[in-house]
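Using the sequences and the hints given, assemble the complete structure.
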Amino acid sequence: MNRFKYLTIGVAFIFFLTGCKTTPEKYEAFEALNPSSILILPPQNSTNSIDAHNYLASTLPSAVYSRGYYVFPYNTVKTVFEHEGLTDPGMIHSLPPSKVASLFGADAIMYPVVKSWSIDYAVLNTYLNLEVDYKILSPEGQEIWAVSKTFSQPMVDQNHGGGLIGSLIATAVTQAIVDDEDILPAASRLNHTLISTGNTQIPLKQNAVKE
Amino acid sequence: MKALKLLSVLTLLIVGGCSTVTPWGNYEHNLFKYYESPETTTQFKQETESHLKECERSNIKPAPGLYAEVGTLCLKQANYECAIEFYQKEKLNWPESEVFMDKLIRSTKRVSEK
Chain Z
0 MNRFKYLTIG VAFIFFLTGC KTTPEKYEAF EALNPSSILI LPPQNSTNSI
50 DAHNYLASTL PSAVYSRGYY VFPYNTVKTV FEHEGLTDPG MIHSLPPSKV
100 ASLFGADAIM YPVVKSWSID YAVLNTYLNL EVDYKILSPE GQEIWAVSKT
150 FSQPMVDQNH GGGLIGSLIA TAVTQAIVDD EDILPAASRL NHTLISTGNT
200 QIPLKQNAVK E
Chain W
0 MKALKLLSVL TLLIVGGCST VTPWGNYEHN LFKYYESPET TTQFKQETES
50 HLKECERSNI KPAPGLYAEV GTLCLKQANY ECAIEFYQKE KLNWPESEVF
100 MDKLIRSTKR VSEK
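Chains as they are written, first to last, in numbering that gives the first Met the number 0: chain Z, 0 to 210; chain W, 0 to 113.
Just so you know, not all the hints are guaranteed correct.
Computed footprint of chain Z on chain W, listed as stretches where at least three residues anywhere in the stretch have a Cβ under 8 Å from a Cβ of chain Z [stated by the list, open to error]:
# : region
1 : 24 to 30
2 : 33 to 47
3 : 52 to 64
4 : 77 to 85
5 : 88 to 95
To be clear, the hints were calculated from the coordinates, so they are not data collected in a lab.
No residue lacks a Cβ here, since even glycine has one placed at the ideal position from N, Cα and C.
Structure follows, in structure tokens:
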């Protein structure tokens, strides 16, 4: 009897899991281009936060690489632009994509924009609220992937928390000290969620070289 | 006794888990810190360099761009030889970076000859 009960719960759980799975969108133009490398441009920051763009810039490379693409050295790219007198991301984003692609030898270019940014102290956790707009263009300027999303990301990863008590303790900690040590991992999880899960995920590199 | 065995296995797993080298190392944190306080240039460079050495020792392919980032930090400190060496390593590890690395190597050579 007991065994039957567990089996029922198990089957129900599997149904629940498969029910949650979202089908990724088909990005046909992306798959047709089949890029090997993606150049991440310095993010445009249209918020009041002085470092919102830096949180995203630091955590985007690993998210994009996790889909199998070569990502260009972010700080080196930024330094080269600065050397050319291009310190404003807005100016960089308005350069012709073909020119940018050939300068770096990139197969595709990512244009990140952070549109809003705030930190919200709720009862059981502290939330990072964000609105971002990411798109990837081909060297010809065709949009091959895009995501525009408003997000609320818990500062403390609840998957690793210890239930309610764990969350309570975690809240005490995050509310006491919310500095970049807390925000950076949250920004990283957010970028990974946007880029490698759900229906907005960047298609996995076809014939990706195994690491 | 059983509990003791379990505990020692768990400890081993945790200790073993801690020493795992990941392709990115502490890059996210170091890059962010570097933008927040540019005086951390040396720390960023040293930590990335030692992470790359760690990867080489453990036979793990480091994340893309890390060699080049060290190269650029060397360039910033006017250490041209070091810059070229790391740009070449990036190119060797990631053929996708060839166009960019060749440009960087050429311009570094030009600057160093001045």
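| field | Within 8 Å of chain Z (C-beta), three or more residues of the region 33 to 47 of chain W | value | Since three or more residues must qualify, the claim that chain Z covers the region 33 to 47 of chain W holds, with 3 doing so at under 8 Å.
| query | Do three or more residues of the region 24 to 30 of chain W come closer than 8 Å to chain Z, measuring C-beta to C-beta? | reply | holds (count 4)
| message | Closer than 8 Å Cβ to Cβ for three or more residues is the test here. Does the region 77 to 85 of chain W pass it with chain Z? | response | violated (count 0)
| said: Using C-beta distances, would you say chain Z covers the region 52 to 64 of chain W, given that this needs three or more residues below 8 Å? | reply: Per the Cβ count (4), the hint holds.
| 8 Å C-beta criterion, at least three residues: is the region 88 to 95 of chain W covered by chain Z | Since three or more residues must qualify, the claim that chain Z covers the region 88 to 95 of chain W holds, with 3 doing so at under 8 Å.
Checked against the numbered hints listed earlier, the structure breaks hint 4 alone; every other hint is satisfied.
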